[in-house]
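S.K.: Could you put the whole structure together from the sequences, leaning on the hints where they help?
Listed here are the chains, written in short residue letters.
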Amino acid sequence: MRHIISIIVENESGALARVSGLFFARAYNIESLAVAPTEDPSLSRITLVTRGSDDMIEQITKQLNKLIDVVKLVDLTEGSHIEREMMMIKLQAIGDAREEVMRMVNIFRGRIIDVTSTTYVVELTGSGDKLDAFIKTVDVPILETVRSGVTGIARGEKALVI
Amino acid sequence: MKLSGGEILIQFLEDEGVEYLFGYPGGAVLHIYDALYQQEAVKHILVRHEQGATHAADGYARSTGKPGVVLVTSGPGATNAVTGIATAHLDSIPMVIITGQVATPYIGSDAFQEVDSVGITRPCTKHNFLVERVEDLAITLKKAFYVACTGRPGPVVVDVPKDITAPEIKIDYEYPKSVTMRSYNPVIKGHPKQASKAVDLILSAKRPVIYSGGGVVLSEASEELIEFTKMLGFPITNTLMGLGSFPGTDPQFLGMLGMHGTYEANMAMHQSDVLIAIGARFDDRVTGDVEKFCPQAKIIHIDIDPSSISKNVKVDIPIVGDVRAVLRELIGQLKKSESLSDKDALSNWWNQIKEWQKEDCLHYDKKSALIKPQFVLEKLLEITQGEAHVTSDVGQHQMFVAQFYKFNKPRRWINSGGLGTMGFGLPAAMGVQLANPGENVVCVTGEASIQMCIQELSTCMQYDLPIKIINLNNRYMGMVRQWQEFIYESRYSHSYMEALPDFVKLAESYNHIGIKIENPADVEPALREAFGKYKDRLVFLDFITDQSENVYPMIMTGQGHNEMYLSSAKGLA
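Read top to bottom, the protein sequences are chains A and B.
Last residue of the first sequence: 268 (this note's numbering), numbering continuous.
Last residue of the second sequence: 577 (this note's numbering), numbering continuous.
Honestly, the hints are just simulated from the structure, not real lab data.
Heads up, some of the hints might be wrong.
Computed cross-link-like contacts, DSBU-like style, restricted to lysine-lysine with a CA-CA straight-line distance of at most 30 Å [stated by the list, open to error]:
id, chain 1, residue 1, chain 2, residue 2
1, A, Lys168, B, Lys193
2, A, Lys172, B, Lys201
3, B, Lys383, A, Lys264
M.R.: This is the structure:
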């Protein structure tokens, strides 16, 4: 099953390498990884998407907790949560296709954030599925895509704080 | 007090109570060595290879329970230390390894003797640090000792760039007495509710087995383990790492379990209905095929590391906590408990176990005209009265010690269990001998293993370390040969030790005593001479043993505890 694990780590050099190195060393897979400092600059938050059996996910969270730089973590998929990923996608937009792409962007509630006579850059936010769906649906040549990796947060009053 | 980084480092070690520093100088640590030169509190042991430094510090740590401390230079100094660091990591041994690094402005420039030590050691340490400012040096060292020694112990590397230790820059130094880390709070006390569930299961057991490991040694819980086992009257088996934490000569002790464990221990595991795992981690050498592991048993698992729980084998009642604290809790609850264990069932169980013991699974040919390795170890046990500190390398000789030397005290059996590092024995014995001056320290080894760190004979000469080396010389990498015999139809691919040195002359060239023993009748006199007349000298005893001897019982890969080979003639048990 797919799991989204949110990890608060010490914002120190090497913390990310410890987390990613652990996955490689223990043969777990990482589907996506997003990391940035939190409102407290001494802490970073890593959001990591992985897949595995329940036993494997249990080992993954235990092994992560064992890392000295890991302050706290939560498996967001254990509870109700919101998942978002941001994508910027550069599309070829010429002639009639320009109208068509704009329509698609509106349907997906995206925004065009850069325009030239032959291209659009579209910004799109949503779950990974939604971004995949847009890529599949858009009917013009894709010049480039960049995705932030999945981030997530628990619904309601639950919060990952130390 | 204003001190330079180099002086802070050495002063800190003194303040931390470090007795011995095992090391080897080089460019990046010269400032530190200069500070070391100007004091006497911290004694430096100069090894001949950085791997030797780490194993010696490791041996010291295993013997004393105190952290072993190492100082090596950058680049090759650090990479040579890696094998010893990984050895300590796999066996959860507290160590602090200080590695020199090129000066901060040169980091990342592929400077002379530069290597990414933090990167290289990340997967084989409990944690590691790069010191980026001299102001951080003392507190980082404190964190290193704290992390190394608490929770599930392990090695910690502190990488110190040369400019951090420069004599020109002096800052205020005060010994940091304690440190807290928000991201590191090891659990000590087990959950009392889990303990009470465990007590209920323990008291309901009809065919119980206690299976305990190195965690008992690490948490100094030997007394508690003995009390717990005695009050229940249950049979107990130890892992390779747990030997000595329960007296090897006690009638409740079934011997070691696992791949080369005793018939009775493995059969009891297989037939048990309640398994109490204490400070052990269900290693593959212990479990055999996990699918066939203890098929009827409900399992209680006590371990300080939550990630050890249900990692290899699913357990029913986990108790996360320090083994000693949890055992005390269990003993307390058992004393208060109104229900009693099933005495009749236990007596039937012991009768069954005694049947298995009649198999005499460790028998060997005592009439052989050749020296049998088992015979040497039986004589060693007799002459040292089971009181020696014994280190070993890795292979057949290691298993023979585990089977034949009955350890009655913890921290007497020093070997590389997890990583299985050949070359460990001699340098580890140096650390043990320094920690126990005047006591018998024995390194049991083979002619293959001993050559992996034989340069340390020179260190032993420098510091007058009267280690007794028992070289079980069968002219083969014995365990490799054994596997090749069983699995590869006796195609002995590169397991034959050709071009061996004359070990007697080699020992003598380092001003040690060398004795070559070729007949069974000469085994005992040679040992008596080594521990008597030559008590204060290093003695290299080169026993020319039977080349064809194998270690039995043996569980082959993919087999269960009830599927042992008891000898080559006698197939599956």
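S.K.: Each hint: holds or not?
M.R.: So, going through the hints one by one against the coordinates:
1. A/Lys168 to B/Lys193: Given that 30 Å is the threshold and the Cα spacing comes to 18 Å, the pair holds.
2. A/Lys172 to B/Lys201: Since the Cα atoms of A/Lys172 and B/Lys201 sit roughly 26 Å apart, the hinted pair holds (cutoff 30 Å).
3. B/Lys383 to A/Lys264: Cα-Cα ~66 Å, so violated.
In terms of the numbered hints stated before, the structure departs from hint 3 and from no other.
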